[in-house]
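**Student:** These protein sequences, in sequence, are chains A and B. Residue 14 is where the first sequence starts when you use my numbering, and the numbers rise one by one after that. Residue 45 is where the second sequence starts when you use my numbering, and the numbers rise one by one after that.
Fair warning: there could be bad hints in the mix.
[Said to hold, decoys possible] Across the chosen pairs, the derived CB separations fall in these ranges:
(1) A/Leu25 / B/Ser215: 46 to 54 Å
(2) A/Gly138 / B/Ser215: 18 to 26 Å
(3) A/Tyr54 / B/Glu205: 34 to 42 Å
(4) A/Phe242 / B/Lys139: 29 to 37 Å
(5) B/Val351 / A/Ile49: 45 to 53 Å
(6) B/Ser215 / A/Ile49: 22 to 30 Å
(7) A/Ser38 / B/Trp173: 39 to 47 Å
(8) B/Thr235 / A/Gly138: 27 to 35 Å
(9) A/Val139 / B/Ser230: 31 to 39 Å
(10) B/Gly228 / A/Phe116: 50 to 58 Å
(11) B/Glu205 / A/Phe116: 57 to 65 Å
(12) A/Phe116 / B/Thr214: 38 to 46 Å
(13) A/Ile130 / B/Ser230: 21 to 29 Å
(14) B/Arg354 / A/Phe242: 31 to 39 Å
[As the list claims (entries may be wrong)] Mimicking DMTMM-like on lysine to aspartate or glutamate, the simulated pairs with C-alpha atoms at most 20 Å apart in a straight line are:
(15) B/Lys109 / A/Asp243
(16) B/Lys123 / A/Asp243
(17) A/Lys69 / B/Glu100
(18) A/Lys69 / B/Glu334
Because the hints were derived from the structure by calculation, they are not lab data. Backbone N, C-alpha and C fix where the C-beta goes; we use that ideal spot for every residue, glycine too.
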Amino acid sequence: MNNHQKNRIIDLTFKVYGFLFTAISVLILFILLYAIIKAGYSRINWDFLTGLPSRKPENAGIYTAIMGTFYIMVVTLIISIPVGVGAGIYLEEYAKKNGLTNFLEINISNLAGVPSIIYGLLGLGVFVRFFGFGGSILSGALTLSLLILPVIIVATREAIKAVPSSLRDASFAMGASKWQTIQYVVLPTSFGGILTGIILALSRAIGETAPLIVVGAMAYVPFAPKSLFDTFSVLPMQIFTWTTRPQTGFAVAASGAIIILLLITFIMNGIAVYFRNKWQKQLQ
Amino acid sequence: MKKLFLLILSTGLILTACKQTPKEGESANEATELTGSVTIDGSGTVFPVSEAVGEEFFAVSPNVKVTVGESGTGGGFKKFGAGELDITAASRDIKETEAELCKTNNIEFVKLTVALDGIAVVINKENTWATSLTVAELKKIWEPNSTVKKWSDIRKEFPKEDIRLYGPNTSHGTFDFFTEEIMGESGASRTDYNAVSDYNIAVQGVINDKFALGYFGLSYYEENKTSLGIVGVDNGTGAVLPSLETVANGQYAPLSRSLFIFINKKSAQRPEVKSFVEFYLNNAPVLSKEVGYVPMPASDYEAQKEVFKRAIAK
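Construct the entire structure; sequences and hints are all you get.
**Tutor:** See below:
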């Protein structure tokens with residue numbers, strides 16, 4: 014056997030190996046999806062979506078949990094986008110490459126890997142107790158914002174980095190200022206990438222339970238939040254509560270809520286993919 | 045981007061518009077005019093009772109915002125001691141350190157018993173040998189550094205098969221209570237068992253393993269009665285099976301416990317909190333049974349009402 018044949022065998026082996034593991038992971042995903050949908054689809058109807066939590070599993074609904082999730086996500090977006098994108102732009106466009114910048118960059122990357130429960134404890138200490146916001150929508154959203162900020166900052170920087178320097182040079186050559194260049198060239202070009210980062214970060218935030226339990230998400234909330242200082246429940250919290258109950262009816266309700274949560278996550282990811290493709294085409 | 049934002053916003057508005065309106069036709073009495081909020085947290089064991097009471101209270105006083113959390117008995121006392129709660133639920137009595145925290149923050153409280161619960165010791169359906177165990181045998185199985193590895197280590201005539209144990213992890217009040225009653229010291233337990241945070245996992249574990257043994261709240265056994273075996277607990281006066289009767293009349297000892305709510309006395313001065321607690325005691329006999337617990341005898345509820353009345357009169 015010569016070298017050429019040997020390499021072909023190695024190639025083939027690796028191809029089969031790679032395919033096998035991709036297939037296994039996709040298969041596991043489908044088995045999970047199948048099991049959840051089979052267990053919960055019968056529970057999903059209008060009453061389930063608009064009903065209040067109840068001790069009777071067949072009456073229990075997820076209206077307040079959906080509304081809590083919705084409000085938390087909107088407020089999280091409002092807080093984290095300006096801060097995250099702003100920090101990304103600063104680090105990529107304005108910051109001088111010195112010790113301080115390096116220090117900041119390393120810390121931001123490290124923060125992305127900190128377990129979410131730690132953010133919960135930070136939120137409890139700072140927002141709930143020190144600022145006295147209590148176990149409110151505002152405290153929850155601020156905590157989740159901290160949690161996803163590193164992801165948004167890193168995504169923003171990567172997207173800005175990917176903007177071809179020829180575009181930037183052209184803008185400067187036209188006599189545009191730095192901010193004009195960022196506003197009219199850099200941001201529009203990198204928008205798809207930034208948006209993808211934001212939505213992936215949100216997809217992570219929407220499934221978080223641990224930090225919100227610490228901050229004070231409640232398991233039984235019979236009203237939708239009306240202000241930033243209202244107490245709240247979120248979908249993962251409701252699912253967690255139901256799965257620990259002894260009655261099998263709650264397991265079915267939990268499966269139904271899981272389907273809804275998955276659906277929301279899939280839709281958000283779908284939006285991310287759509288915008289990424291759209292902006293990439295525009296750029297070309 | 046604008047379109048996307050509008051889409052999200054309109055979804056929210058539609059959902060808000062779908063909010064359920066309170067039932068019509070209810071006469072406007074004192075209860076419906078109550079406003080304000082009642083914040084409850086604490087034991088996950090008591091949670092279903094509080095949730096049920098909250099749900100029924102909502103029907104009579106829809107303007108009072110009752111919220112119930114379940115951050116655990118210990119977690120609840122921490123928040124209660126910091127003055128963040130009106131009521132905290134507990135599946136055991138308050139510890140000295142927790143009472144001290146309340147004292148330092150000038151929080152006076154009143155303790156009420158709202159229901160009873162039994163701890164069921166369960167085995168596999170096919171287990172025909174261990175239908176009753178003495179308290180001493182349970183201690184031998186669960187004590188720290190226990191030498192019980194096989195069933196035959198408990199009694200010679202039991203099969204020579206490995207025993208596999210399921211129980212709650214240390215964050216549960218059930219764990220504190222069981223170790224206190226059986227070992228005589230809260231928290232003293234062997235550590236080489238399947239410690240679960242979700243009892244349904246222990247239920248599944250025992251259902252699928254002929255040589256398993258586990259313990260958890262009675263309601264989890266009641267819901268899975270047909271597929272689980274139960275162990276009668278013998279405290280010296282003969283084996284007793286846990287049931288509504290034996291827990292209520294105290295025969296199922298020592299594994300019967302009380303479920304408590306602790307009310308901040310200052311909060312209880314607010315009409316909505318006072319009204320909620322009275323409602324709680326009036327409805328606990330029916331509702332606690334409905335969610336799987338054991339109501340106390342009627343006279344005991346009357347006694348609790350008296351305790352509450354006296355506590356807030358001061």
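**Student:** Would you mind marking each hint as holding or not holding in the structure?
**Tutor:** Now for the hints, and whether the structure bears them out:
| no. | hint | in the structure |
| --- | --- | --- |
| 1 | A/Leu25 / B/Ser215: 46 to 54 Å | holds, 51 Å |
| 2 | A/Gly138 / B/Ser215: 18 to 26 Å | holds, 21 Å |
| 3 | A/Tyr54 / B/Glu205: 34 to 42 Å | holds, 41 Å |
| 4 | A/Phe242 / B/Lys139: 29 to 37 Å | holds, 32 Å |
| 5 | B/Val351 / A/Ile49: 45 to 53 Å | holds, 47 Å |
| 6 | B/Ser215 / A/Ile49: 22 to 30 Å | holds, 27 Å |
| 7 | A/Ser38 / B/Trp173: 39 to 47 Å | holds, 44 Å |
| 8 | B/Thr235 / A/Gly138: 27 to 35 Å | holds, 31 Å |
| 9 | A/Val139 / B/Ser230: 31 to 39 Å | holds, 33 Å |
| 10 | B/Gly228 / A/Phe116: 50 to 58 Å | holds, 55 Å |
| 11 | B/Glu205 / A/Phe116: 57 to 65 Å | holds, 60 Å |
| 12 | A/Phe116 / B/Thr214: 38 to 46 Å | holds, 39 Å |
| 13 | A/Ile130 / B/Ser230: 21 to 29 Å | holds, 25 Å |
| 14 | B/Arg354 / A/Phe242: 31 to 39 Å | holds, 35 Å |
| 15 | B/Lys109 / A/Asp243 | holds, 10 Å |
| 16 | B/Lys123 / A/Asp243 | holds, 17 Å |
| 17 | A/Lys69 / B/Glu100 | holds, 12 Å |
| 18 | A/Lys69 / B/Glu334 | holds, 9 Å |
No hint from the list above goes unmet by this structure.
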